[in-house]
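Asker: For reference, the chains in residue letters:
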Amino acid sequence: MSVCKNERTVFPSIRVAPQKSKAFVPYAGDESFFILPKEWIGLSKGRFGIHGGQYVPEILMNALIELEQAYERYKNDPDFTTELDDLLRNYAGRPSMLYYAEKMTKDLGGAKIYLKREDLNHTGSHKINNVLGQALLAKRMGKTRLIAETGAGQHGVATATAAALMGMECEIFMGKEDTERQALNVYRMELLGAKVHPVSTGTQTLKDAVNEAMREWTRRISDTHYVLGSAVGPHPFPTIVRDFQKIIGQEVKRQLAEKEGRLPDVVMACVGGGSNAIGIFHDFIDDESVRLIGCEAAGRGIDTGSTAATMTIGSVGIFHGMKSYFCQDEYGQIAPVYSISAGLDYPGVGPEHAGLRDRGRAEYVPVTDDEAVEAFEYLSRTEGIIPAIESAHAVAYAMKIAPELGRDKILVICLSGRGDKDVASIARYRGVQINEQA
Amino acid sequence: MSRLERAFSRGKAFIPFITAGDPSMTVTEQLIYTMYEAGADLIEVGIPFSDPVAEGPVIQAADERALASGVTVDDVFAMMQRVRNKCDVPVALMTYVNPVATYGTDRFMMNCSKAGIDAVIVPDVPFEERDELLPYCRKHGITLISMIAPTSGERIRMIAAEAEGFVYCVSSLGVTGIRERIGYEAGEMIKAVKAVKDIPCAIGFGISTPEQAAELAVWGDGIIVGSAVVKIVEEYGENCVGHVAEYVRRMKAAISG
Ligand SMILES: Cc1ncc(COP(=O)(O)O)c(C=O)c1O
Numbered sequence: 001m002s003v004c005k006n007e008r009t010v011f012p013s014i015r016v017a018p019q020k021s022k023a024f025v026p027y028a029g030d031e032s033f034f035i036l037p038k039e040w041i042g043l044s045k046g047r048f049g050i051h052g053g054q055y056v057p058e059i060l061m062n063a064l065i066e067l068e069q070a071y072e073r074y075k076n077d078p079d080f081t082t083e084l085d086d087l088l089r090n091y092a093g094r095p096s097m098l099y100y101a102e103k104m105t106k107d108l109g110g111a112k113i114y115l116k117r118e119d120l121n122h123t124g125s126h127k128i129n130n131v132l133g134q135a136l137l138a139k140r141m142g143k144t145r146l147i148a149e150t151g152a153g154q155h156g157v158a159t160a161t162a163a164a165l166m167g168m169e170c171e172i173f174m175g176k177e178d179t180e181r182q183a184l185n186v187y188r189m190e191l192l193g194a195k196v197h198p199v200s201t202g203t204q205t206l207k208d209a210v211n212e213a214m215r216e217w218t219r220r221i222s223d224t225h226y227v228l229g230s231a232v233g234p235h236p237f238p239t240i241v242r243d244f245q246k247i248i249g250q251e252v253k254r255q256l257a258e259k260e261g262r263l264p265d266v267v268m269a270c271v272g273g274g275s276n277a278i279g280i281f282h283d284f285i286d287d288e289s290v291r292l293i294g295c296e297a298a299g300r301g302i303d304t305g306s307t308a309a310t311m312t313i314g315s316v317g318i319f320h321g322m323k324s325y326f327c328q329d330e331y332g333q334i335a336p337v338y339s340i341s342a343g344l345d346y347p348g349v350g351p352e353h354a355g356l357r358d359r360g361r362a363e364y365v366p367v368t369d370d371e372a373v374e375a376f377e378y379l380s381r382t383e384g385i386i387p388a389i390e391s392a393h394a395v396a397y398a399m400k401i402a403p404e405l406g407r408d409k410i411l412v413i414c415l416s417g418r419g420d421k422d423v424a425s426i427a428r429y430r431g432v433q434i435n436e437q438a
Numbered sequence: 001m002s003r004l005e006r007a008f009s010r011g012k013a014f015i016p017f018i019t020a021g022d023p024s025m026t027v028t029e030q031l032i033y034t035m036y037e038a039g040a041d042l043i044e045v046g047i048p049f050s051d052p053v054a055e056g057p058v059i060q061a062a063d064e065r066a067l068a069s070g071v072t073v074d075d076v077f078a079m080m081q082r083v084r085n086k087c088d089v090p091v092a093l094m095t096y097v098n099p100v101a102t103y104g105t106d107r108f109m110m111n112c113s114k115a116g117i118d119a120v121i122v123p124d125v126p127f128e129e130r131d132e133l134l135p136y137c138r139k140h141g142i143t144l145i146s147m148i149a150p151t152s153g154e155r156i157r158m159i160a161a162e163a164e165g166f167v168y169c170v171s172s173l174g175v176t177g178i179r180e181r182i183g184y185e186a187g188e189m190i191k192a193v194k195a196v197k198d199i200p201c202a203i204g205f206g207i208s209t210p211e212q213a214a215e216l217a218v219w220g221d222g223i224i225v226g227s228a229v230v231k232i233v234e235e236y237g238e239n240c241v242g243h244v245a246e247y248v249r250r251m252k253a254a255i256s257g
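For the record, the sequence lines run as chains H and D.
First residue of the first sequence: 1, per the numbering used here; consecutive thereafter.
First residue of the second sequence: 1, per the numbering used here; consecutive thereafter.
Just chain H, with the same shape it has in the complex:
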C-alpha cells in the first residue's frame, strides 16, 4: 500500500516511452495514455506509476472492494498472522533454505551463487505462500469455495491443497494445451479433491484460464473467492499476492546477513505474471545497490513470433483488470504467446514490475527455451537439483552473467519450483521416449 502512495505524488510527471519492438507495433496513439489526470488519483486504486488499477466489469467491483477491506482488516490482525505463520512453518515448511551452490559457483568461475529453495516448499513451489494467505483470508470472509486459474499446474495444485486442508470446495481452470503438457499436475489436483476444467477457448493456455476463471467468478460471487495465482489482475490482487510472497525476499535478506554479513549484489527470478520475482525483489527495492533482474520467457526467440517476452516486445495496454505491458498488436488484440514453460506462457506482466521497469529499478531480460532447457539439465547434473522449467529461465541467465561478475560478488537466484512436473516434457523436447505403461 505504501508503495502506491509514495508513487502517487510522483507519477503525473512520469512519461513512458514504450520499448521499440520488431514483432509488435508499439503504442501508436496519443500521449494522454501515459499521464494520469490529477482528479483521477482519488478514485483509481492500486497504482504502480501509471500501471495497475481496477479494470473489471461493474459486476465484480463490490467483490474487489470486499476483498480489499477484508485484507486491510486481517493483514495486521494477530490471530490471522499467527495462524498464517503457523501454516507457513509447520505445513509449508518455511523458512525455505538459502543454499550456497558451490559446485555451480566454481564451475562458472565468477560470482558466488546462492539458490533460494522455494522448490522445497510443500507442493513444490512458491505458489503455496500466496495460496495459504488467500485461502485463510477467504475463510475469514466466510467463503466456502475457491476457484483459480493455473498454467503449469503448480498454482492449481497449491490451491487444491489449501482447499483440502481447509475443507473448501475447489475448481481449477486450466488451458487445454496445459492440461496435456502438465498432465501429472491435473491428476494431482484431482487427487486433492479439486475439479479441473480444461479451457478450450483462445490459445488454450494461461491467459484463457484467467479469462474463464474471471467469467466463473462473475457467475458465482457470494460464496466464492478467486485465488489469483500471480501478482497480476485488478487491485487488490497484485498487492495481496506480493505481500504474501514478500516473505521470500525477507528471508533471503536475513539468511544472507547470517551467512555473509551483507546484502547480495544481484537478485534474480523468472517472471511469468511476476509473483516469485516480486516476492524476492520486494524487500530489496529500497537497497539501491542490489541489482534486480527478472527473466522472462523468450520461447523460440524474441524475433520469432513464438515468444512470451512481454517486457521486451510488449507495449502498454489494459487487460485482465490492470494497466501494464502486454504482447498485443497495434489494434490492442492480445497476441498469442508461446513458451516451453506453461507457467511463463502469459502475454502480460504484473503492474508492480511494469512500474519498477519504468523507474529503471529492475531489469527484465529474455531467455529462450533452448537456454532454459540447458540450464534445467545443468543444474540437475551440477548440483543434483532438478528445477522447474520456469525457474530454469533464471538459472540460465545467471549462467550467462555469473562469469562476468567478480568472485567477490553475490548472486541470489529464486528457485521458484521443482522440476518433477517437467521431466516428461523435457524428455519430449530431447526426443526421448518415456513410457510408464507396463
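Keep in mind the hints are simulated off the structure, nothing from the lab.
Treat the numbers as computed from the prediction; the structure is a model and nothing was measured.
Glycine residues also receive a C-beta, built at the ideal position from the N, C-alpha and C atoms.
Hints should not be assumed to be uniformly reliable.
[Unchecked claim] Going by beta-carbon spacing under 7 Å, a handful of chain D positions derived as facing chain H:
| no. | residue |
| --- | --- |
| 1 | 69 |
| 2 | 72 |
| 3 | 97 |
| 4 | 214 |
[Unchecked claim] Okay, derived cross-link-like pairs now, DSS-like style, lysine-lysine, Cα gap no bigger than 27 Å in a straight line:
| no. | chain 1 | residue 1 | chain 2 | residue 2 |
| --- | --- | --- | --- | --- |
| 5 | D | 231 | H | 176 |
| 6 | D | 139 | H | 45 |
| 7 | H | 139 | H | 253 |
| 8 | D | 139 | D | 197 |
| 9 | H | 409 | H | 106 |
| 10 | H | 195 | H | 400 |
Since the structure of chain H is provided, determine the placement of chain D with the ligand on it from the hints.
Answerer: Positioned in the frame of chain H, the structure of chain D with the ligand alone reads:
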C-alpha cells in the same frame, strides 16, 4: 433531440447487439439498416476483441469469426461512416478498453465522432476508472454509458448520479448469454437509479424470448439483446439479414404490447 434521446422516445426501446464483421462487414452494414427499419431503436455494435472476458460462448465465437476475417477498428469506423451517410440510426459501440487505449483514446473518440457514433459502452471500465475515457468522450461529444449490476448495491446511487445517455442494467450474474430465467432484481435496480436521476434504463444480459422481454420491459425503458441475435447470425451466416429482421420485429412488438 439527440439521436440517443430519440432512441428512448418511441416507447420502450429495443436494442439489438451485433458483432462488427460477423460474418462480414457488408452483412453488418446491411443488418444495421434492416434492424433499424424493423423497429430497433438503438443498435449496439461490438468491436471484436481477442479476449472478451464479459462475454459468454455465443458472442465469444462471433468475436473469433470476425477477427478471423481480419476486421479492425478502422474497418468499423469506415463502415459506420457509410451508415451515417445514409441514415440516422442511433448507434452505440461496445468495446473492451484495450482496443481503445492502444489505438489512443483521444484518436479513438475523435474517429467515433467523425463516424457519427453516439455512445460507447466499455464493460471493463468501472466507475472508478472512468477518467481513463471520460475526458476524451466529453471532448469529442461521445456519451460514455454507465453499467450497473445485481451486485452493485449502494454503488448504484454513485453511478446513477453521474450517468449520461442511459444506464445499462446488467440483469443477471455472469456473462452474456441466453438464459431460461432472469433475476427479477432488475426492477429494484432501476428504482434505485430513478430515485437519483431521471435517466432511461435499458436491461440486458440473458434476454432472448419475446415473453422475457415483455416481462422485463415493464420495469425498464429498453431491452438489450445480444446473444440471441448473434445466434441467428451464426446460424444463417451471409443469409441472416431477413431472419434477424423478423426477430427484431417480434421483439419490438412484444415490448410495445
Ligand atoms: C515454479 C514456477 N515458477 C514460476 C512461475 C511463474 O509465476 P510467477 O511469475 O507468478 O512467479 C510458475 C507458474 O506457474 C511456477 O509454477
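Asker: Would you mind marking each hint as holding or not holding in the structure?
Answerer: Each hint, compared with the structure:
Violation of the interface hint for residue 69(D) is found here, the shortest Cβ-Cβ separation to chain H being roughly 13 Å, above the 7 Å cut-off. Nearest Cβ of chain H to the Cβ of residue 72(D): about 5 Å, under the 7 Å cut. The hint holds. Restraint check, residue 97(D) versus chain H: the minimum CB separation of about 5 Å is within 7 Å; hint holds. Taking 7 Å as the C-beta contact cut-off toward chain H, the hint placing residue 214(D) at the interface is violated, the least distance being around 25 Å.
Straight-line distance between C-alpha atoms of residue 231(D) and residue 176(H) comes to about 25 Å, which keeps the hinted pair within the 27 Å bound. Between residue 139(D) and residue 45(H) the CA atoms are separated by roughly 25 Å; this keeps the pair inside 27 Å, and the hint holds. Between residue 139(H) and residue 253(H) the CA atoms are separated by roughly 31 Å; this puts the pair beyond 27 Å, and the hint is violated. Restraint check for residue 139(D) and residue 197(D): the C-alpha separation of about 23 Å stays at or below 27 Å, so the hint holds.
About 13 Å separates the Cα atoms of residue 409(H) and residue 106(H), which keeps this hinted pair within 27 Å; it holds. Proposed proximity of residue 195(H) and residue 400(H) is contradicted: the alpha carbons are some 41 Å apart, above 27 Å.
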